[in-house]
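The chain contents come next:
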Amino acid sequence: MKADPKGVLTGEHYLDGDHACAEGALAAGCRFFAGYPITPSTEVAERYVSRIPMVGGIFIQMEDELASMAALVGAAWGGKKSMTVTSGPGFSLMMENIGLAAMMETPCVVVNVQRGGPSTGLPTMVGQQDMMQARWGSHGDYQIIALSPASPQEAFDYTIKCFNLAEKYRVPVLFMMDECVGHMTEKVVIPKPDEIEITPRRLTKLAPEKYLPYKTNGDLVPEMIVAGTGYKIHSTGLTHDERGYPVMSPGTQDQLVKRLCDKIKLNADDIIEIEEDQTEGAEVIVMAYGITSRVTLPAVFKARKKGIKVGYIKMITAWPFPEKRVRELAKKVKAFVMPEINLGQMVLEVERCAAGQAKTYHVPHAGGWVHDPEDIYQVIEEAVK
Amino acid sequence: MFDYDKYLRLNKLPLIWCAGCGDGIVLKSMLRAIDRIGLSKDEICMVSGIGCSSRLTGYVDFNTLHTTHGRAIAFATGVKMVKPEMTVIVVTGDGDATAIGGNHYIHAARRNIDITVILFNNNIYGMTGGQLSPTTPFGFKASTAPFGSVENTFNISGLAEAAGASFVGRGTVYDAIKLDRMIEKAIRKKGFSVVEVMTPCPTAFGRRNRLGSGADMIKQLKEDSVSIEKASSMTAEELNGKVVTGIFVDKELPEYTANYQKLIEQLQGR
Chain A
2 MKADPKGVLT GEHYLDGDHA CAEGALAAGC RFFAGYPITP STEVAERYVS
52 RIPMVGGIFI QMEDELASMA ALVGAAWGGK KSMTVTSGPG FSLMMENIGL
102 AAMMETPCVV VNVQRGGPST GLPTMVGQQD MMQARWGSHG DYQIIALSPA
152 SPQEAFDYTI KCFNLAEKYR VPVLFMMDEC VGHMTEKVVI PKPDEIEITP
202 RRLTKLAPEK YLPYKTNGDL VPEMIVAGTG YKIHSTGLTH DERGYPVMSP
252 GTQDQLVKRL CDKIKLNADD IIEIEEDQTE GAEVIVMAYG ITSRVTLPAV
302 FKARKKGIKV GYIKMITAWP FPEKRVRELA KKVKAFVMPE INLGQMVLEV
352 ERCAAGQAKT YHVPHAGGWV HDPEDIYQVI EEAVK
Chain B
19 MFDYDKYLRL NKLPLIWCAG CGDGIVLKSM LRAIDRIGLS KDEICMVSGI
69 GCSSRLTGYV DFNTLHTTHG RAIAFATGVK MVKPEMTVIV VTGDGDATAI
119 GGNHYIHAAR RNIDITVILF NNNIYGMTGG QLSPTTPFGF KASTAPFGSV
169 ENTFNISGLA EAAGASFVGR GTVYDAIKLD RMIEKAIRKK GFSVVEVMTP
219 CPTAFGRRNR LGSGADMIKQ LKEDSVSIEK ASSMTAEELN GKVVTGIFVD
269 KELPEYTANY QKLIEQLQGR
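Taken in sequence, the protein lines are chains A and B. When the letters of the first sequence are read in order and numbered with my numbering, they come out as residues 2 to 386. When the letters of the second sequence are read in order and numbered with my numbering, they come out as residues 19 to 288.
Just so you know, the hints here were simulated from the structure itself, not pulled from any lab data. Among the clues, some could well be false.
To be verified - Computed cross-link-like contacts, DSSO-like style, restricted to lysine-lysine with a CA-CA straight-line distance of at most 27 Å:
#1 B:Lys203 - B:Lys59
#2 B:Lys203 - B:Lys280
#3 B:Lys208 - B:Lys240
#4 B:Lys240 - B:Lys203
#5 B:Lys24 - A:Lys211
#6 B:Lys203 - A:Lys216
#7 B:Lys208 - B:Lys46
#8 B:Lys196 - B:Lys240
#9 A:Lys211 - B:Lys280
#10 B:Lys59 - A:Lys216
#11 B:Lys203 - A:Lys206
#12 A:Lys216 - A:Lys259
#13 B:Lys248 - B:Lys260
#14 B:Lys237 - B:Lys280
#15 A:Lys259 - A:Lys325
#16 B:Lys280 - B:Lys260
#17 A:Lys211 - B:Lys203
#18 A:Lys206 - B:Lys196
#19 A:Lys7 - B:Lys280
#20 B:Lys196 - B:Lys59
#21 A:Lys216 - A:Lys206
#22 B:Lys46 - B:Lys196
#23 A:Lys259 - B:Lys59
#24 A:Lys333 - A:Lys303
#25 A:Lys216 - B:Lys30
#26 B:Lys203 - B:Lys159
#27 B:Lys30 - A:Lys206
#28 A:Lys333 - A:Lys307
Claimed, not checked - Under 7 Å between C-beta atoms, here's a sample of chain B residues computed to sit facing chain A:
#29 Leu28
#30 Pro32
#31 Trp35
#32 Phe80
#33 Thr95
#34 Met99
#35 Val100
#36 Ser161
The model shown is predicted, which means the values in this text are computed figures rather than measured ones. Every residue gets a Cβ at the ideal spot worked out from N, C-alpha and C, and that includes glycine.
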């Protein structure tokens with residue numbers, strides 16, 4: 002379906018990534034936002050709350066991030082597309098209920114405008130240090146989707162994609178922005194509502210007496226309902242059967258948890274979005290995401306000028322990791338180079354998927370600032386040897 | 019004879035609660051109150067946290083969400099905000115609502131959001147085997163206070179009153195008929211409402227403290243109960259160890275979702 006015109010501010014704007022993210026949410030049909038203030042993400046909430054009453058929706062500032070994430074899941078079961086926004090410390094507090102959202106298969110979007118950590122760290126300065134927490138932060142086995150934008154325009158575009166993926170797969174989708182993208186101001190073009198594709202909630206058409214809330218129909222994702230529309234279902238964080246009833250057995254756990262993981266793993270090709278440039282015939286491939294994917298470009302251009310065959314991959318999707326593509330390329334290239342603003346997170350995935358067939362070089366950087374492209378260039382030069 | 023079955027998910031029985039537990043009395047009282055109000059099952063969204071009482075949501079044929087420890091009120095806030103026309107009821111316990119979930123409890127009361135909290139106070143963490151809760155009385159034993167608690171307790175009802183709730187009452191499973199009326203009033207109230215129900219846990223609290231069977235503990239609740247009216251003429255010393263019951267707060271106050279709706283209408287120029 003197309004976007005509801007009420008939320009779409011069609012036109013050319015000059016926005017920072019945080020504001021663009023809020024506009025993306027409004028365009029995507031997000032009508033409930035629960036949040037707690039935290040730098041450098043608060044501007045998303047401020048933009049949203051200043052617009053939402055006129056659009057027709059709700060913003061509530063909760064007492065903490067635990068409550069924000071909980072209210073979000075409640076609102077989703079009340080039938081609204083919903084989101085929250087936070088940064089590192091708040092992200093940690095949300096983890097328990099992100100797990101619940103995964104277990105209850107609740108579509109929702111959690112934005113993390115990453116800053117330097119650990120702990121209070123560098124509240125106003127950039128980091129990409131929560132990438133593994135995004136994947137593994139909650140307890141238990143589950144799969145998650147995480148995207149990373151590299152500009153305010155992408156903050157707008159991919160916020161919409163986050164909502165669409167959340168609905169399609171009934172899973173919390175994490176939008177892993179970073180402080181640079183959040184606070185960088187650039188041109189953002191917001192299309193007309195009929196040019197914005199929106200994935201509606203997968204509501205069941207079955208009659209209440211025939212409907213089982215966690216029964217799937219071939220594609221691993223069960224159909225959902227809205228509370229108060231006659232279905233009277235039970236949803237729980239406990240291991241549950243197709244009826245949604247708790248069943249404390251290894252067999253039920255095996256079935257449920259495998260499906261929760263498979264619905265993402267087996268649809269990885271549909272979910273994953275990466276941008277490639279000159280990867281065919283490359284000797285070295287530089288992979289990056291978020292602000293680092295832009296900081297990397299001067300290094301790539303310099304290497305090419307020097308005659309090095311450098312391919313470039315910008316990862317929009319961080320999770321599920323573009324495993325298949327990296328495995329294919331590992332057979333053809335000498336090495337992968339990954340710069341990121343942490344001391345080694347996504348590079349572990351590159352290394353795992355390269356599986357010894359190509360070398361993996363990391364270009365680490367602690368939080369607080371982006372790489373000097375020259376540092377990335379130096380590693381490219383070493384990698385090609 | 020009241021027909022409880024029409025409100026229950028019969029295929030979900032038996033209940034997990036122990037013999038002598040008071041939670042079933044509260045469940046039945048709640049169903050009678052809902053029946054008196056005449057709510058349809060689909061109008062109700064019931065949200066619970068973690069603990070014995072929170073397992074109640076699995077047994078009732080409403081829209082039910084069984085969530086994480088301490089967070090039921092926060093989940094319910096999300097539901098109520100987007101479904102203000104629904105009757106949202108939270109089922110929780112003393113540990114769930116006032117230890118791990120204490121912050122949500124006071125802030126929901128402060129906002130005065132139209133949610134009814136039925137708080138089962140059994141003075142202990144029953145499900146996990148009898149650990150100290152914020153309402154375990156001083157000197158009483160728990161698995162994590164084997165020599166007796168040296169902590170002060172929360173006055174759960176007083177907390178809701180101080181934080182701004184519209185309706186606050188305390189009842190016991192002994193006085194189940196009074197409890198019906200109190201729950202009915204609480205659900206009917208437009209605003210944040212709390213009914214704190216004193217209910218025995220013979221398994222995890224009674225046995226360790228030699229309080230006898232469930233029936234003995236209910237009898238003791240009867241002995242210890244003092245109405246608000248009677249309590250007003252008693253000294254603090256006389257009230258020590260007593261359970262003051264009755265309705266502490268019953269006010270008409272501006273309600274949060276209604277205020278929010280007004281704001282939306284005002285801004286949209288309706």
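Q: May I ask which of the numbered hints given earlier this structure violates, with the numbers listed in increasing order?
A: Per hint list: 3, 6, 9, 11, 14, 16, 17, 18, 23, 26, 29, 30, 31, 36 violated.
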